[in-house]
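Q: So you can see what is in the structure, the chains are spelled out below.
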Amino acid sequence: MWNEVRGLRDGIDCGTPPRDGKPVTLTVDGVEVTVPEGSSVMLAAAEADRAVPKLCATDMLEAFGSCRVCLVEIEGQRGYPASCTTLVAPGMVVRTQSDRLAKLRKGVMELYLSDFPESEIPDGWSEFHRTLEEVGINGHRYGKGRNHFDLPVDDSNPYFLFDPAKCIVCSRCVRACAEVQGTFALTIQGRSFESKVAAGQDEPFMESECVSCGACVQACPSHALVEKSLFPGGYERA
Amino acid sequence: MNDDERPAVAGVVIDLERLITMANQIGDFFAPYPPERAREGLRNHLRTYWDPRMRNALLAHIDAGGDGLDLRVIEAAQLLLDKGADKSGYYGPPQH
Amino acid sequence: MPNPRKPERETITICAYCGVGCGFKAETIGNEIVRMTPWKEGKANHGHSCVKGRFAYDYWCHPDRIKTPMIRDSIDDPWQEVSWDEAFAHAASELKRIQGKYGRSSVGGVSSSRCTNEEIFLTQKFVRAVLGNNNIDNCARICHSPTQFGLSATVGAGAASQHFDSILQADVIMVVGANPTEGHPVFGSMMKRRIRQGAKLIVIDPRRTETVDSPHCRADVHLALRPGTNVAILNSIANVIVRENRHDPEFIKSRCEWQEFEHWAELVGSEEYSPDKIGPIAGVDPEDIRRAARIYSTGPRSTIYYGLGVTEHSQGSTGVMCLGNLGLACGMYGREGVGVNPLRGQGNVQGGSCLGSWPHVFSGYRFVTDDATRESFEAEWGVELDSEPGLRLPNMFDAALTGHFKGMYIMGEDPVQSDPNQNHIIKALRNMECVIIHDLFLNETSKFGHVFLPGSSSLEKDGTFTSAERRLGRVRQVVEPLAGYQDWEVTVKLMNAMGYDCEYAHAGEVLDELARVTPAYSGASFELIDRIGSAQWPVNTAAPHGTEVLHTEQFPRANGLGTFMLTGFVPTRERVSDQYPLLLTTGRILTQYNVGTQTRRTANSEWHPEDVLEMSLGDMQTRGLGVGDSVTITSRFGSTRLKVVESARVNPGVVYTTFHHAESKANAVTSDLSDWATNCPEYKVTAVEVTKVTSPDPRHAESSVTRPAHREREAEEIAVTEKV
Chain A
0 MWNEVRGLRD GIDCGTPPRD GKPVTLTVDG VEVTVPEGSS VMLAAAEADR
50 AVPKLCATDM LEAFGSCRVC LVEIEGQRGY PASCTTLVAP GMVVRTQSDR
100 LAKLRKGVME LYLSDFPESE IPDGWSEFHR TLEEVGINGH RYGKGRNHFD
150 LPVDDSNPYF LFDPAKCIVC SRCVRACAEV QGTFALTIQG RSFESKVAAG
200 QDEPFMESEC VSCGACVQAC PSHALVEKSL FPGGYERA
Chain B
0 MNDDERPAVA GVVIDLERLI TMANQIGDFF APYPPERARE GLRNHLRTYW
50 DPRMRNALLA HIDAGGDGLD LRVIEAAQLL LDKGADKSGY YGPPQH
Chain C
0 MPNPRKPERE TITICAYCGV GCGFKAETIG NEIVRMTPWK EGKANHGHSC
50 VKGRFAYDYW CHPDRIKTPM IRDSIDDPWQ EVSWDEAFAH AASELKRIQG
100 KYGRSSVGGV SSSRCTNEEI FLTQKFVRAV LGNNNIDNCA RICHSPTQFG
150 LSATVGAGAA SQHFDSILQA DVIMVVGANP TEGHPVFGSM MKRRIRQGAK
200 LIVIDPRRTE TVDSPHCRAD VHLALRPGTN VAILNSIANV IVRENRHDPE
250 FIKSRCEWQE FEHWAELVGS EEYSPDKIGP IAGVDPEDIR RAARIYSTGP
300 RSTIYYGLGV TEHSQGSTGV MCLGNLGLAC GMYGREGVGV NPLRGQGNVQ
350 GGSCLGSWPH VFSGYRFVTD DATRESFEAE WGVELDSEPG LRLPNMFDAA
400 LTGHFKGMYI MGEDPVQSDP NQNHIIKALR NMECVIIHDL FLNETSKFGH
450 VFLPGSSSLE KDGTFTSAER RLGRVRQVVE PLAGYQDWEV TVKLMNAMGY
500 DCEYAHAGEV LDELARVTPA YSGASFELID RIGSAQWPVN TAAPHGTEVL
550 HTEQFPRANG LGTFMLTGFV PTRERVSDQY PLLLTTGRIL TQYNVGTQTR
600 RTANSEWHPE DVLEMSLGDM QTRGLGVGDS VTITSRFGST RLKVVESARV
650 NPGVVYTTFH HAESKANAVT SDLSDWATNC PEYKVTAVEV TKVTSPDPRH
700 AESSVTRPAH REREAEEIAV TEKV
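Protein chains in written order, with numbering that gives the first Met the number 0: chain A, 0 to 237; chain B, 0 to 95; chain C, 0 to 723.
In isolation and in its complexed conformation, chain A is listed as follows (with noise of 0.2 Å):
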């Protein structure tokens, strides 16, 4: 670990950790990029000025490969690769848009989206929007189905909130807890449709392990953890 901390940029998300290591060169739609060994695809193709769609990944955390938003098209490989879990290997060749990944990647936002909160949608300015905007998603296709909006908010916290509803379970803050900060204080607890972001034994993050260091607000996407202190007049759900 020396280049994953010290080699992080401010307004730049190249999405995985940067590394030290031998330079590879590869080709990131038809961009020659060279990157240190041990970088992902993500990485290299922002490097390229091509950067690829992503949720779950972010680069002051290792690659979790679990929103596939990410996904590229590699010569020589079958199937559809996530790139933040793609070690870069010399000459690669790396496709980042074609009809097909369009095609895959609204269809996965057009889920996400099926399960957020509807009036949150416009004049929103979080990650999860912007992702929104670049796979060029504004509504879906899905009737009203089962969702999570009627879990309550945990506000137990003097200075952030947790709203499930518009957690996206992408686990950026499970990870944040564990690898930034180190009190491993948060899980996803169940799973499948039932799996939730779980403070401690389940509890009020007040009364968990959590020390309040907002690494986990810091690393939400979708303002599911979010600064009370952004709601002057209180925090009300639509």
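If you are wondering where the hints come from, they were derived from the structure by calculation, not from laboratory data.
Mixed in with the good hints, there may be bad ones.
[Stated by the list, open to error] Computed footprint of chain C on chain A; a stretch qualifies when at least three of its residues, placed anywhere within it, have a C-beta under 8 Å from a C-beta of chain C:
| hint | segment |
| --- | --- |
| 1 | 122–136 |
| 2 | 173–187 |
| 3 | 203–214 |
| 4 | 223–236 |
This one's a predicted model, so the numbers in the text were calculated from it and none came from an experiment.
From the three backbone atoms N, C-alpha and C, an ideal C-beta is built for every residue, glycine too.
Given the coordinates of chain A, assemble chains B and C onto it according to the supplied hints.
A: Coordinates of chains B and C only, in the frame set by chain A:
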């Protein structure tokens, strides 16, 4: 600014017991050193780090018998009277 | 409504709290700070934060903020609001009057390690050039002054040898008398990352702190020593290293004074410091001492991080020297992943140390007794300067009691709450005629003040901080100062009111002046920092972008070599006795910061609304105490009341509390003993007794001076004859 402007009466500027404790503590630190280095070390420490009024109070107390002070402290403090001994080597932070 | 409001502007600055010096973005809408987010390019924190810097910033606009200067003739009168000019004129005339009546050395000041480098520099300039003496000190006196002394003695520089990132290359991490998980949380997280990668951890601390045992992160060796036995244990570790030939002779021969090493090896290698002898004295298994010694000396890269558990002792400086000696003996200097590093507490206490806020040195650690240095400052400032060392902070209070110290400029400090032997300090302050308080809020000390100058928080001014890793970074103004002036402007106006002409168009000009006179900062400027973000000193022509790791080729001592100091163990004079059979040690908690001036005025108090006393179960049972009982804790010096809780973290015979709340008056109980070299108070060792409170009287602290003198002497006699 010279020492004459500051009063040299024992126990006046700072409580005498405290002064004696502090001086003995310094003596305790230098105890493992060979006697000559220990004396020089203590002397230099007082010269560099103690307000002159505190030094003068200590010397006045020694003049009055030095009750409560360890012998090695008395010997070392008396070196302060020898102004010629103002050298730059001593056993604390070095001079650059 | 449902979507959060979006900040309009972001200003990059440094956290106002601890010495890690995390980079933050202050995000604003208009003149309102809506949130603070960690700066990814902050070289200390790399995008991480802790609860204090991230969320507890609201104190800056708390209703308690004083916005108008105030004066009063007597501390029994109510405060009178006045204009700034009136306040300056009054303060100046009082200081002059006092100096005329009691002598030039009857006044002095203490600078604030919560203030910028520029402000600290101006405060010491005020005392030296305007008041004409060297009675200037800073709060490092009560925390890391032994670091200054001990590390300067062994390696020539009283500062961390490494940068924080260096820990990512350590194989062995030894933490002595510090609890990074709570005291320096962002650094603690880095440390844990490295340990999860496989680095070994040795902890020397009386308590089983979070640092010793937390998820996926457990110490390989924990020496839970008795408070007061640091030097014994460290010498015993050295004993094993020397006897088992685990030191590094090549390094010592090429980089250190070999003869001094031999003297030292003879001292620590003696039977007196063998683990079998020292283990029982310190309450530690001798085998654990051997394991710690072997792990540390094997490395290959071993680093030491230490805190106030080393310095706040009567052998504080000696303890620091022990650490320096160990580092040198094992060759752990001059590359990544090694070194000896103090975890300095305050955001700018390193700056305070560097910039001469001491009674015996000018900025750059050069002695006031040295003629050449003094003459260079006289030329720069245009006045004659005092050639004798001045009074240290505790000695200022001592001198006040004897009527020789009558005026004081206290900037951003609350000695009544933070300094030991509180009753002594209160009496001293009452004896003074002009106490000038320059602070954000009224506090325990301002009760004894005659002039109150409203201060500005770090969000309201421009300047620089020097963090614990020697990193010089920019504090940038985010909002307008509530009282109208940045702190450095107030100090300049006070100097002007005293008749000394100086002016600066902006804080950057102060940095330029201090860079001219401080060799390690000679290359520093606002322009440089704006360009490269931050720089660790020394930043000069040889290292224009700063220096990450020190001592790579030479040690900054006269002959370029490191040396070994003879560190004999001298047990503290503070002994347990029948009357006071327990040892009290103190510490900090994550959510509150020091005396709580800032954090108690934020929601952080939800976590830690009061200080409690931690005690082991056995000790509670023998005293008939239950969890949550109100108890009186008494020492030779005073007493106070706290709530007691059971804790498995402390060994029998040891009790522990924090000092964040004024009501707890923890420092009414702590002793008046201090480090032999620097007078750093021995906060960490006080003999006490704890008894249940049966009467429902309101909380108060008693002074021991109300006890008859013969009872006092009785207690002393018993204490002296008891062994540790």
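Q: Could you check the structure against the hints above and give me the numbers of any it violates, in ascending order?
A: none
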